[in-house]
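Here is how the chains run, residue by residue.
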Amino acid sequence: MPTKPATDNLVEVESVNFAYDSRQILKGINLSIRRGQVVAIMGLSGCGKTTLLRLIGGALRPTRGEVRVGGRAVARLSHDELFALRRRMGMLFQFGALFTDMSCYDNVAFQMREHTDLPEELIDDLVLMKLQAVGLRGAHRLMPSELSGGMARRVALARTTALDPMLIMYDEPFAGLDPVSMGVIGQLIRRLNDSLGATSIIVTHDVAEALQLVDYVYFMSDGVIITQGTPEELRVSDKPFVHQFVHGEMDGPMPFHFPADDYGRDLDARDA
Amino acid sequence: MMKRKTLDLWVGVFVAIGLGALLFLALKVGNLASFSAAETYLVKANFDNIGGLKKRAPVKSAGVVVGRVEDIVFDTEAYEATVAFSIDKRYEFPKDTSAKILTSGLLGEQYIGLTAGGDTAKLKSGDKLKITQSAVVLENLISQFLFNKAADGNKDNKDNK
Amino acid sequence: MMSAVIGFLEQLGGRATGSIHRLGFASRFLLLTLQNSGMCFRRFSLVVREIYFAGVQSLIIILVSGLFVGMVLGLQGYDTLVRYGSSSALGVLVALSLVRELGPVVAGLLFASRAGSAITAEIGLMKATEQLAAMEMMAVDPIARVIAPRFWAGVISMPLLAAMFSAMGVFGGYLVGVRLIGVDEGSFWSQMQAAVDFQEDILNGVIKSVVFGVAVTWIAVFEGYDAPPTAEGVSGATTRTVVTSSLAILALDFMLTAFMFRGA
Chain A
32 MPTKPATDNL VEVESVNFAY DSRQILKGIN LSIRRGQVVA IMGLSGCGKT
82 TLLRLIGGAL RPTRGEVRVG GRAVARLSHD ELFALRRRMG MLFQFGALFT
132 DMSCYDNVAF QMREHTDLPE ELIDDLVLMK LQAVGLRGAH RLMPSELSGG
182 MARRVALART TALDPMLIMY DEPFAGLDPV SMGVIGQLIR RLNDSLGATS
232 IIVTHDVAEA LQLVDYVYFM SDGVIITQGT PEELRVSDKP FVHQFVHGEM
282 DGPMPFHFPA DDYGRDLDAR DA
Chain B
19 MMKRKTLDLW VGVFVAIGLG ALLFLALKVG NLASFSAAET YLVKANFDNI
69 GGLKKRAPVK SAGVVVGRVE DIVFDTEAYE ATVAFSIDKR YEFPKDTSAK
119 ILTSGLLGEQ YIGLTAGGDT AKLKSGDKLK ITQSAVVLEN LISQFLFNKA
169 ADGNKDNKDN K
Chain C
8 MMSAVIGFLE QLGGRATGSI HRLGFASRFL LLTLQNSGMC FRRFSLVVRE
58 IYFAGVQSLI IILVSGLFVG MVLGLQGYDT LVRYGSSSAL GVLVALSLVR
108 ELGPVVAGLL FASRAGSAIT AEIGLMKATE QLAAMEMMAV DPIARVIAPR
158 FWAGVISMPL LAAMFSAMGV FGGYLVGVRL IGVDEGSFWS QMQAAVDFQE
208 DILNGVIKSV VFGVAVTWIA VFEGYDAPPT AEGVSGATTR TVVTSSLAIL
258 ALDFMLTAFM FRGA
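Sequence lines, in order, name chains A, B and C. Whatever position you read off the first sequence (first residue = 1), add 31 for our numbering. Whatever position you read off the second sequence (first residue = 1), add 18 for our numbering. Whatever position you read off the third sequence (first residue = 1), add 7 for our numbering.
The reader is advised that the hints may include incorrect statements.
[What the hints assert, rightly or not] Restraint ranges, calculated between C-beta atoms of paired labels, are given here:
id : chain 1 : residue 1 : chain 2 : residue 2 : range
1  : B       : Leu156    : C       : Gly243    : 46 to 54 Å
2  : A       : Arg54     : C       : Met267    : 30 to 38 Å
3  : C       : Ile13     : B       : Val91     : 31 to 39 Å
[What the hints assert, rightly or not] To spell it out: a stretch of chain C is covered by chain B in this simulated footprint if at least three of its residues, at any positions, have a beta carbon under 8 Å from a beta carbon of chain B; those stretches are:
id : segment
4  : 15-27
5  : 52-60
6  : 165-172
Calculated from the structure, these hints are not laboratory results. We treat Cβ as the ideally placed atom computed from N, Cα and C, and that holds for glycine.
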């Protein structure tokens with residue numbers, strides 16, 4: 032059982048460095064997330080956002096610094112303590128990661144059957160309730176291969192929240208979805224967070240959806256947090272990179288041109 | 019997704035067929051049925067030369083398998099081979115039974131043949147057979163043949179002279 | 008010139024140490040699988056499910072191949088034996104070839120290519136679509152839940168399949184030898200029974216098939232678990248499973264045969 036936290040912060044990341052095969056991915060990250068918040072971590076692909084999620088979930092250990100959830104350092108938990116913590120966390124993977132050899136019903140029931148001793152009748156009610164919350168109760172008999180991308184992700188969301196977790200993490204929840212599905216997922220994230228009294232962390236580079244939805248944003252680039260603030264603050268930020276990202280500008284700190292030689296010289300040289 | 023019950027049924031059928039195949043092999047193809055459960059008593063015999071006799075070779079009497087060779091060791095006192103073999107408890111043999119090392123067919127494997135004697139007292143576990151005949155070694159046979167041939171030739175020469 | 012030679016040697020050495028490194032990783036993985044097998048025995052239904060996919064779905068190919076192999080043995084065996092007037096020993100030839108060698112080995116090769124590759128592909132795909140990571144995040148150990156049941160299913164299925172192969176083969180030899188060609192039925196079976204020893208031949212054959220089962224399934228689950236999470240990664244892993252398993256079966260067969268049948 033986690034000890035009573037000293038602060039209101041559910042997740043605290045303190046001076047965390049992470050390197051993989053001599054490649055520095057995170058270079059000193061500091062952030063904290065209060066209970067009940069919906070927080071977005073944004074940045075380009077490869078800036079370390081997903082790595083950060085995995086550090087919070089205990090799948091990776093920081094090379095330096097500490098990640099604390101509920102006041103306890105994740106990297107120092109024993110195997111059983113870590114698994115106990117994970118039962119109170121939920122993670123929605125990119126594209127859902129539903130178990131393809133079971134039906135939607137069995138996917139949502141999975142955690143209930145593995146971790147609780149609830150009788151099947153009760154599990155049946157819970158599963159249908161969870162699917163109802165995401166609007167897919169009618170699809171409970173279908174197999175994951177029979178679902179569209181958006182539907183699969185919604186079922187995965189139902190699965191993630193099956194045991195009413197206190198912390199829900201989303202890895203690129205909007206990737207590859209049509210506008211309607213994107214809106215649906217966004218609203219579900221907010222609705223579930225508030226109704227469960229949970230805390231949510233969303234890793235994404237979908238600016239429009241994220242800024243509409245979240246309470247706070249951390250902006251990462253190249254392994255460090257370069258800016259943070261409320262969505263409104265970020266929209267009016269004049270920091271060049273943030274500005275380019277938020278407004279989708281073609282050229283800026285992230286250059287349009289791939290590094291190359293002088294244009295004129297290149298043309299002449301290749302003629303010769 | 020297959021129903022649980024159908025799955026269990028098929029796996030049950032699979033395991034049943036597998037065990038059935040094993041049973042078929044053990045009983046119909048192999049010799050499990052004939053000998054393993056029988057109770058046996060152990061008897062020894064010394065031979066000058068065991069030839070190609072191997073462990074688990076059959077022990078036959080009148081052509082019927084009555085036992086198995088269990089162990090073959092070299093006796094350092096008598097410089098002979100001591101063969102220990104087990105005989106099925108159902109068959110009793112008199113104390114003066116003789117043992118020969120025979121070959122099945124012309125070039126087949128070798129086995130021990132028992133010929134019963136006339137003694138009323140029966141062999142018990144641990145007894146040693148007194149009368150034995152060693153295996154026929156091919157080289158000795160050939161050299162004997164040549165020797166006889168040479169002897170006949172000399173005799174003819176002497177007669178002719 | 009020198010640098011090219013050195014470069015080549017470096018590569019060779021790197022490959023060798025890489026293979027040994029991989030073997031070490033695979034061994035630790037096997038140990039982990041065995042340690043996490045508790046769930047398999049408590050919830051045997053998981054293993055039963057995998058026996059269906061690995062064993063039952065290999066039934067057809069094993070039975071049909073066994074039949075054909077036996078029939079060919081009958082034909083070829085008769086052709087050779089009849090020249091020495093020993094055609095009555097056909098039963099012995101067919102039975103011993105199958106029980107000692109062909110049953111475990113050929114069934115093992117077929118199992119590796121059918122079930123082994125399927126297991127590798129399935130696990131590799133689960134890894135690529137993050138299903139294994141998701142399971143871990145849900146506090147369920149994927150090794151206990153996904154890997155171990157498949158491992159034990161393979162180890163259980165293999166000896167049963169090998170026995171079925173041998174049995175079908177003997178039947179095939181009987182069909183060709185006795186029914187088709189006309190070898191005497193009585194001597195076919197009686198000579199076979201006299202020559203095939205339960206301990207020496209059948210039991211050794213079973214031991215071989217268990218060893219092959221462990222080897223093939225171990226390679227299959229490891230390659231799947233270690234596959235790069237891409238399409239080419241999974242297909243490469245599947246190919247490697249079949250190739251490595253086949254070589255392992257043949258090498259182990261040699262070692263086991265040398266150990267079991269020397270001087271027999």
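Comparing the hints with the structure gives:
1. B/Leu156 / C/Gly243: 46 to 54 Å: violated, 59 Å
2. A/Arg54 / C/Met267: 30 to 38 Å: violated, 51 Å
3. C/Ile13 / B/Val91: 31 to 39 Å: violated, 60 Å
4. 15-27: violated (count 0)
5. 52-60: holds (count 5)
6. 165-172: holds (count 5)
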